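Asker: Place chain B on chain A using the hints.
Residue numbers (this note's numbering), protein chains in the order written: chain A, 11 to 367; chain B, 2 to 1066.
Keep in mind the hints are simulated off the structure, nothing from the lab.
From a predicted model like this one, the values you see are computed outputs, not experimental measurements.
There's no promise every hint is true.
[Claimed, not checked] Not close to chain B: a few residues of chain A, all C-beta gaps over 12 Å, as computed:
{"hint": "1", "residue": "S27"}
{"hint": "2", "residue": "D112"}
{"hint": "3", "residue": "R200"}
{"hint": "4", "residue": "K220"}
{"hint": "5", "residue": "S307"}
{"hint": "6", "residue": "D310"}
{"hint": "7", "residue": "H330"}
{"hint": "8", "residue": "N361"}
[As the list claims (entries may be wrong)] Computed list of lysine-lysine pairs in DSS-like fashion (alpha-carbon distance at most 30 Å, straight line):
{"hint": "9", "chain 1": "A", "residue 1": "K95", "chain 2": "B", "residue 2": "K471"}
{"hint": "10", "chain 1": "B", "residue 1": "K260", "chain 2": "A", "residue 2": "K95"}
{"hint": "11", "chain 1": "A", "residue 1": "K275", "chain 2": "B", "residue 2": "K336"}
{"hint": "12", "chain 1": "A", "residue 1": "K289", "chain 2": "B", "residue 2": "K336"}
{"hint": "13", "chain 1": "A", "residue 1": "K289", "chain 2": "B", "residue 2": "K277"}
{"hint": "14", "chain 1": "A", "residue 1": "K273", "chain 2": "A", "residue 2": "K181"}
{"hint": "15", "chain 1": "B", "residue 1": "K10", "chain 2": "A", "residue 2": "K292"}
{"hint": "16", "chain 1": "A", "residue 1": "K82", "chain 2": "B", "residue 2": "K260"}
{"hint": "17", "chain 1": "A", "residue 1": "K275", "chain 2": "B", "residue 2": "K342"}
{"hint": "18", "chain 1": "B", "residue 1": "K260", "chain 2": "A", "residue 2": "K181"}
{"hint": "19", "chain 1": "B", "residue 1": "K945", "chain 2": "A", "residue 2": "K128"}
{"hint": "20", "chain 1": "A", "residue 1": "K12", "chain 2": "B", "residue 2": "K471"}
{"hint": "21", "chain 1": "B", "residue 1": "K945", "chain 2": "B", "residue 2": "K1020"}
{"hint": "22", "chain 1": "A", "residue 1": "K108", "chain 2": "B", "residue 2": "K277"}
[Said to hold, decoys possible] Derived coverage of chain B by chain A (criterion: at least 3 residues anywhere in the stretch with Cβ under 8 Å from a Cβ of chain A; other residues may be distant):
{"hint": "23", "stretch": "248–256"}
{"hint": "24", "stretch": "523–531"}
{"hint": "25", "stretch": "536–544"}
Every residue gets a Cβ at the ideal spot worked out from N, C-alpha and C, and that includes glycine.
Residue-level listing of the chains:
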Amino acid sequence: MKAFLILEDGHVFEGKSVGCTEEIISEIVFNTSMTGYLEVLTDPSYAGQAVCMTYPLIGNYGICFEDMEADKPWQSGFITREIAKLPSNFRNQESLEKFLVDNKITGIEGVDTRAITKILREKGTMRGMITTDENYNLEAVIPKLKEYEIGDVVRLTTCKEIQHFEGDGFKVAVIDLGAKKNIIRELTKRGCNVTVYPSYTKAETILEAKPDGIMLTNGPGDPKTNVGVIEEIKKLFATKVPIFAICLGHQLLALANGADTEKMKYGHRGANHPVKDLKTGKVYISTQNHGYMVKESTIDRDIAEVSFVNVNDGTVEGVHYLGKNVQTVQFHPEACAGPLDTNYLFDEFMNMMEVSK
Amino acid sequence: MPKNPNIKKVIVIGSGPIVIGQAAEFDYAGTQACRALREEGIFVILINSNPATIMTDKNIADEVYIEPLTPEIVKKVIMKEKPDSILPTLGGQAALNIAMELEESGFLRQHNVRLIGTSAKTIKKAEDRDEFKKTMEKIGEPIAPSKVVTNVEDGLDFVKVIGYPAVLRPAYTLGGSGGGIAANEEEFVEILENGLRLSRVGQVLVERCIAGWKEIEYEVMRDANGTGICVCNMENLDPVGVHTGDSIVVAPSQTLADKEYQMLRSSALNIISELKITGGCNVQFALNPDSFEYCVIEVNPRVSRSSALASKATGYPIAKVSAKIALGYHLDEIKNAITGKTYASFEPALDYCVVKIPRLPFDKFIKASRKLTTQMKATGEVMSICTNFEGALMKALRSLEQHVNSLIYEDLGERPLEEIHEELHRVDDRRIFVVAEAIRRGITLEEIQNITKIDLWFLDKIENIVNMEKRLASEELTKELMFEAKRIEFPDEVIAQITGKTKEEIHDLRFSYDIHPAYKMVDTCAAEFEASTPYYYSCYDGECEVDATRTRKKVLVLGSGPIRIGQGIEFDFCSVHSTWALSESGYETIIINNNPETVSTDFDIADKLYFEPLTAEDVEAIVNLEKPDGAVVQFGGQTAIKLTEDLLKMGVPILGTSAENVDAAEDRELFDEILEKCCIPRPAGKTVFTCEEALEAANELGYPVLVRPSYVLGGQGMQIAISDEDIVEFMDIINRTVQEHPILVDKYLMGKEVEVDAVCDGEDILIPGIMEHVERAGIHSGDSISVYPARSLSDKVKRVLEDYTRKLATSLHVIGLINIQFIVYQDEVYVIEVNPRSSRTVPYISKVTGIPIVDLASKVIIGEKIRNLGYEPGLQPESEYYAVKMPVFSFEKLRGAEISLGPEMKSTGECLGIAKDFNEALYKAFLGNGVDLPKHKKMVLTVKDSDKLDAVEIGKRFAALGYEIYSTRSTCRVLNENGIPAKPINKVEQPSPNLLDLILSHEIDLVIDTPAQGIERSKDGFIIRRHAIETGVTVLTSLDTAAALLTSLEKANKEHLTLVDICKL
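Chain A with its partners taken away, still in its complex shape:
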């Protein structure tokens, strides 16, 4: 069946429908990772977005359920050039195509993903629609696209109730803003006794359990829509409990401390982003997935300093809060998909908790 990707600037790409045929409207972004499509599909930070994979051959090694970063895929749509019909890998359990069908993800294949990427690069992230309706009316569709807002998606992606993961190590409170599973895995791997809280949990509830450390996770959407969460984070920050924050967590902590965030032209999404540790000058390759960033000029130098920058465009990639055991990064040390270079930051979090004990 034919499918069409319609962008809000009027570009239309014709391809083949894969997965679900239901029409979707979504923000359209691109991701340059060459492996890890399943991790990308199931990363809750993509809620409200359809991802265009720049690597043309997707689904080569099929689906291995243990690699999922959430219980279900969060993307609203999936845009690819070619999906493998016969996946091959010793852990492969089913084809990507079946996975898209089963999970009702609307997909399109056979489109010029590079051309789409170039449009997004030049004009910035756009809204778009994937439809199988050959008689679409562009004039009617475009205003509809322009109306689309991602909204408060953290509420959708956060867990519905508190979860516990037993461990005999540090007691870590994870504020789930749409967490990737590997954040939890990295903590439990280090023996942590983890409690995962829904995003809207009150600070008091969290502190009552006397955690050794607090972890703010990644998550989708515009950070500024999370007004309530930011208020709670202020309270958490005011304590002496060490905090480690990733991605949306990093942005919310910055907002909680008076800094500002802004939407980027087309964001950073991929597994090849160089970030420089300003203390050592060493560069690490990181996984990234964000469309908003902390504005460097708005960081209060009395409160915080920039710890990591992006080598490509100089944007803020990490903040260290002065005199506090608080470390936040824009990139994803938990990787999945992507390089494991900055995995050591979880060890540093352990050290932070150790010294403050």
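Answerer: Same frame as chain A, but now just chain B:
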């Protein structure tokens, strides 16, 4: 950290002659690195014995020494030039070994020269088997368990630990001879015993067999600050067991999930960080296809063939960045030259699929074993890029120029099913075609996977190609079907072949459907950032990104494709120089080529680079888009010349010599007319098609005669026949492939061979110099030792040569380069071959005369005149230096290959000896070729009957040098009769001790064995020559070469070799 200010003067060591396993990739890397160093204001001194390289040009380095790559010579250069640093990681293993020797002997320290790029300690840790093992164990990186054993008992003990199958590799044998995989104790003992005997040091490595695992490579970089990145990973379609140089390779990996990808990436970074690599490094892994288990196979702490491939596959210039790191820069201080915006500290993201296929030399060595093993056999490779794997594979196949444009191969279709089944077990260069045929016959993918261990993903893609063949054969060729066939890169010709239509019909139908390729950019970042480097590949499923706007006159330069015997790096030298010259003259230059190892496919050589197959269809699409004002074909070897007619049909003017005149040189009748008109004699000859005609012609001319197809490279298929039986055999071989052109039968004159390259502007000619061959006619010019200036020609003969060259060039209306081969026989000059294009000797003659003939020729073809370019026409004055070009062979790598020389070219590369004294030049040329004698002063001399008298002279001279000579009975008798104390030795089939035992005693310096010509070849001689070659003994098959070697040994003053700086010639 910025540049280290203490580094000002750097020596770069090149990789020497092109041999199998060490090819053009080091010219590419070295050239790129030298340019990067000079960009930083560094004074660069280059040493490389290979005159055909671009890196040895005077505009690439400040001082250039084309000298033998031995530690002694490098020491001399260091003492003369007093550099502060040496960069050894660009010249392959050869350069690394020399640098290590100088470092370990303390020489570098004594002369205050530091090793930059990577430290000696690092090199040792990576290269020394024991240290490497220890290092890997220390950081917990697994390697395949192995042990060096010196007797069978120890071997059996160890194999109990690792189990069968086990791999055995004898130490210090070449070409993997004596090695093998043992499946049980019986085989194990047999291989081990033989291996211990073959090994000079009596050692055999026994290793756990991981054949069948996935072979994965990572190209990684690290700077002194500890930042490490992965430029590219690659997956071999052929599982472990086939050398990666002989494997079909894809980039990036296709069948690895993120978990495996990152596991191996982390391992590679972990390794280079422990080894403290600063620069580029290649890490090879074997990955168990059924688990996360892996082994580190090998680490190369330098640029390599794989790094060249990775650079071209991603756009990331590894050699350039390595050179900057060597100067002290950190990765985040080096700009990404492709985007101009980002930095070298990132990892390229590909949005296409890359396929590399090796170019194997079995068309030249029909007797050699085609089996692919852990010993590399390929002479070159092609790369292709597409948005899908099938398309990339199809493009790469036709880029090979082996008369195969699809997965349909010769007679496989007619063979019985059982044979196809059997063939699947055979690992050779035809396996991919056998796999396709197996799929065509309905053998299941699972079964094929069980036998070949090729991953199902690849097999499925091959099945897609086979299914398309079936659809084309059975369905109507609708627009949709045509599009799908083109999307996976079926060429028009193949569609025509399957559908039973003509190529033209398919072409026209395709145009009526408006199906054309689009061109996408290779930009290192999957379009995330805007890129400014115009490096393109074609695909059918997308929009075109090329800006074809005309601002200046556009010229198309056609490259020479994969490196093969007969068409080597010299044509890349010519293509690149021509591009530079045309660019200098204000043209916009466009290169089309498909060889990832070359300088011409570097991203900043031409204004635009199209990485595409060099077939008429692929070129036409680019022509339609770019609409060039002309095309240059005379620099790209036969590959480019072959496209002349097609380019004319497309309406592209050929710049330089016109197509008709190229034809006139190849067309026997037209050529004869021209010769007659000019009163130039040539050996009598005839053109024939059938065997009967050939026999008739040969008998009329009288034996010996030369038989060869017209329009070929490097004397392919050329043979000297001395009898009717020979004619029958040779004609049969030639006619195995359909001949579009007649076959030539010529009288064979055993005279002196002389060669001339000249530039002609239509009126005047310029001859930089006359080259004379050491070996008499009958040995291919590319395999002969060539001497400039010619020593034995009278002034009269030289004047005749100049006169003939002028007449021929002007009669053929040559505009640009011409190469003519003559025979001087009894003081008469005969023409044997005229090539109105650049030749193999062009780089060599340009360098030793200092006359840049490619630049001159390029300017002449766009209308300049020789006189206006600052040169006086005619034969140029002779240089005061002698320059000897020595052919270099790779026989030891090709098991079963016949090594005796003849009219068909067999050498893979060349090296140069240059000196004011002829004998010294000759000595240096031998030295550059690795002939460093005497050692044990023992030799074998055995010759055919017709050489017996000449052998006496040779024997006498070797005996005078103190050589103990062993000969088989008849040669020995002749030598003894003439007072030479040669010792008789039994032939191989006679009882021990025989010749074979003598050679395996590892004390023989040299074997001189002149085989009988024609089909009287002795099997005995063949076995001797092979064993000698495989145990590292110098073998000469021509007494002329032997005499030259003697001269150099007798007369050269080895202790006082002089150095010649090419830049100052």
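Asker: Now look at each hint and say whether the structure bears it out.
Answerer: Cross-check of the supplied hints:
| no. | hint | in the structure |
| --- | --- | --- |
| 1 | S27 | holds, 17 Å |
| 2 | D112 | holds, 19 Å |
| 3 | R200 | holds, 18 Å |
| 4 | K220 | holds, 36 Å |
| 5 | S307 | holds, 22 Å |
| 6 | D310 | holds, 27 Å |
| 7 | H330 | holds, 20 Å |
| 8 | N361 | holds, 20 Å |
| 9 | A:K95 x B:K471 | holds, 19 Å |
| 10 | B:K260 x A:K95 | holds, 21 Å |
| 11 | A:K275 x B:K336 | holds, 23 Å |
| 12 | A:K289 x B:K336 | holds, 22 Å |
| 13 | A:K289 x B:K277 | holds, 21 Å |
| 14 | A:K273 x A:K181 | violated, 34 Å |
| 15 | B:K10 x A:K292 | holds, 28 Å |
| 16 | A:K82 x B:K260 | holds, 19 Å |
| 17 | A:K275 x B:K342 | holds, 16 Å |
| 18 | B:K260 x A:K181 | holds, 28 Å |
| 19 | B:K945 x A:K128 | violated, 70 Å |
| 20 | A:K12 x B:K471 | holds, 25 Å |
| 21 | B:K945 x B:K1020 | holds, 13 Å |
| 22 | A:K108 x B:K277 | violated, 46 Å |
| 23 | 248–256 | holds (count 4) |
| 24 | 523–531 | holds (count 6) |
| 25 | 536–544 | holds (count 3) |
Hint compliance for this structure: hints 14, 19, 22 are broken, all remaining hints hold.
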